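There are 2 protein chains.
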Amino acid sequence: MLGQMQSQPLLISNLIVHAERHHAGTEIVSRRVEGDIHRTNWGQVAQRSRRIANALDALKLGFGERVATLAWNGYRHLELYFGVSGSGRVLHTLNPRLHPEQLVWIVNHADDRAICFDMTFLPLVQAVWRKCTGVKHWIALCDADKLPADSGIDGLQSYEAWIGGQSDTYTWPEFDENCASSMCYTSGTTGNPKGAVYSHRSTLLHAYGAALPDALGCSARDAILPVVPMFHVNAWGLPYSAAAVGCKLVFPGGALDGKSVYELIENEQVTMAAGVPTVWQMLLGHLQQNGLKFSTLKRTVIGGSACPPAMITAFNDQYGVEVLHAWGMTEMSPLGTVCTLKNAQVALPPEEKLQVRLKQGRTVFGVDMKIVDEAGNEQPWDGKSYGDLLVRGPWIIASYFKGEGGDPLRYDAAGRGWFPTGDVATIDADGFMQITDRSKDVIKSGGEWISSIDVENIAMAHPAVAMAACIGMRHPKWDERPIVVVVKKPGAEVTRDELLKFYDGKIAKWQVPDDVVFVDAIPLGATGKMQKMTLRQQLKDYVLPGL
Amino acid sequence: MLGQMQSQPLLISNLIVHAERHHAGTEIVSRRVEGDIHRTNWGQVAQRSRRIANALDALKLGFGERVATLAWNGYRHLELYFGVSGSGRVLHTLNPRLHPEQLVWIVNHADDRAICFDMTFLPLVQAVWRKCTGVKHWIALCDADKLPADSGIDGLQSYEAWIGGQSDTYTWPEFDENCASSMCYTSGTTGNPKGAVYSHRSTLLHAYGAALPDALGCSARDAILPVVPMFHVNAWGLPYSAAAVGCKLVFPGGALDGKSVYELIENEQVTMAAGVPTVWQMLLGHLQQNGLKFSTLKRTVIGGSACPPAMITAFNDQYGVEVLHAWGMTEMSPLGTVCTLKNAQVALPPEEKLQVRLKQGRTVFGVDMKIVDEAGNEQPWDGKSYGDLLVRGPWIIASYFKGEGGDPLRYDAAGRGWFPTGDVATIDADGFMQITDRSKDVIKSGGEWISSIDVENIAMAHPAVAMAACIGMRHPKWDERPIVVVVKKPGAEVTRDELLKFYDGKIAKWQVPDDVVFVDAIPLGATGKMQKMTLRQQLKDYVLPGL
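One line per chain: the protein sequences are X and B, in this order.
Using this note's numbering, read the first sequence as starting at 562 and increasing by one per residue.
Using this note's numbering, read the second sequence as starting at 562 and increasing by one per residue.
Worth flagging that the hints you see were computed from the coordinates, not collected in a lab.
Once the Cα atoms are required to be at most 25 Å apart in a straight line, the calculated SDA-like pairs of lysine to any residue come out as:
no., chain 1, residue 1, chain 2, residue 2
1, X, Lys-621, X, Arg-691
2, B, Lys-945, B, Ala-905
3, B, Lys-859, X, Leu-909
4, X, Lys-931, B, Gln-605
These figures come from a predicted structure and were not determined experimentally.
Extracted from the complex, chain X is given alone in its bound form (with noise of 0.2 Å):
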């Protein structure tokens, strides 16, 4: 027996339909590529959407095929997300930090079609534009008269110019919408990217999820700041959640300094921004050079990365402001937790309450998560007991992109499939999951797990420890044991027996590294982490002691 409801897909358009019919003058403020401060609103953002649907007929774009963007957070890019994913075409957010022969790669792997690229990434474009042999569309995101005499690519033109022309009167097309909307690829440690590729249905069950009052709490009332950038999983999600309690959006653009970030909260009285651990540093660090205060901020979503604890404090206890630390990945679209309390937790005093607020959080409803040993047993929401992190739902992830990397879901014995995060946490009573490791980094001896993060941070708070990097060593009777590598601070001494000795009571006896080797450098990333598996590569003929 059906139920007898209406059968309405749920589509992006309808997101922006809704932006529009309820709340057309609510601000969208963007600081622009040029330096300036730009305003328009929910009903021009639409009105543009419906413009940028009929240049992609126009230029006989199919459907599903893939525009992508190389773009800062802004009113132009806003405006794509809607027109090119609600007419039916897939927005492709590529990210513009990438090596231009990686982001070549993913252009012509994702049959790009046209770009769309702020004026910062010309000389990106002008670099790579001949390798990308399917793209046939380049576009500024400009006006007409700041397009470049002489580009040198192809057919470029303004993005004013090419939407200008059209007409604002569209009718957006319903279909199924289990349709794909929108991809961003990822780039795991080996092999190539992977691309994520949402659905209409999953962005929008995502943009429900979001904005629940336990998630991000979105609401009509809010000025929601993306610091998080719109090529970033599209911004956790903010642009589409933001369009469905029709709220204000204010965009950083490229200007992600201290300064330039608290000037627009401040004058744009912005009530909740959302951003990774470095952004907010340079904004905590600018505001206490200069005795700052904020005086409409209420709240800063924080993930990417795990948040510092010291950042906590300084914006719960100095700024009034709440940290909502939030967890995620490109493959869930990317929200799977966020740590709003329970009434259990807003009631414990604030040393037990600061260790609650440095997990992760508790699942938004729609991501199912678990933790399994390496049997796939799912182990105890204790707090204490650690697995690696499986998840499942509507807006997670079950293949890439032309099925690279294969099938990455794990079954369980119903058959469900479960997306490994990569990740190896806890979980508490509560439902709060803390990630203690990456799968890959955390050391297995004998039979039980170590967090090389663990290891990590107690080595990092002596002082003589510029930075240090746990790695598992091969030992014929616990598998591996741990050791630690670490770069002195300038001038700084330490022993490996006295850094040794300042781990006693930090941690189980069994859990202490093996031995300490003292390095000039760790590898790192372009983002800055730590390459551990380069680390290895240089220790390869290291041997443990004593054996």
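Once you've looked at the hints, dock chain B against the given chain X.
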């Protein structure tokens, strides 16, 4: 091109699985029919809902078969919500306030196979059970030792005995999210009652939408008291939203008097309560008579009928409780609009703000609405133009059970179906909708519409008037002209001319009624609503002045 996200149906079982995994210890508190306070939690509710699923399997009830309830708000009713729908059967919530003959008709029309009832309703069940020919199983929601020795009902068993012998291990089945999950009959003014059949998809989308910050705003930190009955459109869907966010639920059972509701709110630290104005009137009366205050209640959601201004003012100003005016229908799952203010309205002076709060509010994302004239032309959103209110969305009805009443939808030029709500409304530029009349009561005079409610409210404001009904009378030139039918307060006097003069300056001249008819009583229906059709019948020989 399809998205590559996990294909997972939106099922009601997902809700209870999530609530158990993340909020097992969160309390569900019920005032039982027996009068005592019963405490359980999401973990126990989940376990017992699995026992129900096993018990339904043991009865060999097939997929999609109807299991009905005749019950107050309480934990057993909540368990049935998840056990019945989660296992693929359809939960049919019966309204015990209906006339027994109507109840029998509905039970038989719905092909109910089992009925679970609160002991309060034993006399009702004893009166009707033999006529419910399709019902094979009668289950009393009580302990085994509370079952009357001789109920006279064949095979009657107690709920606790029924589920007590069952295992609490059960794997929820996975099936098409468009399958029916639950149903609820609505009784129109004409014809037989008609069944609205909700799907798992519509229920879950509604659960997301209703929990959003600008809708009911449900968080794990809330304790929600649904005073609105679970037999009335699933208590506005609150049990589902509550499971999605894992909040505490507090159920009042059958005790809806001011004292009982107040005690529950205070003792259980309720933060949000939802119900119809009459219940809040009793609650406010109790507070005022006893000089009481609320210590935890933050907001009340008021729907079902228009909320009087004095009630909004009392809650807001005297008790610091935010009133959320909401509007919906059985055919809408039920949530259509909630009157959550935007920044522009928050900034208004108190009197203007009150005028906004009296409106039914803005749509939740997922619902689209429009107002149209008799020819179906959309009317502007200017707060003045009015028209028939039409709605569409994935949790709005497409047709009634068994196709009763034919196709209820009206189709626009693009072929999209809209459900006519039967209300006449205005919508202002900020999207706040206000119901001005029922479509069948509106008076069409000279091509313009006159709101019968406006005319009645003015008459009711006269100190000598106890009750007023405005109805339209045939007129050869103007099609219809309004008259007002008035019951005077005992001992009070007012003449026809005095009352007509009372309209001066309060309403446009052409909207002022042509006549006043004094009567001893206006016919009222079972729910206290004026029966205008009967009134017109009584006045069939009336002739307008000057004709």
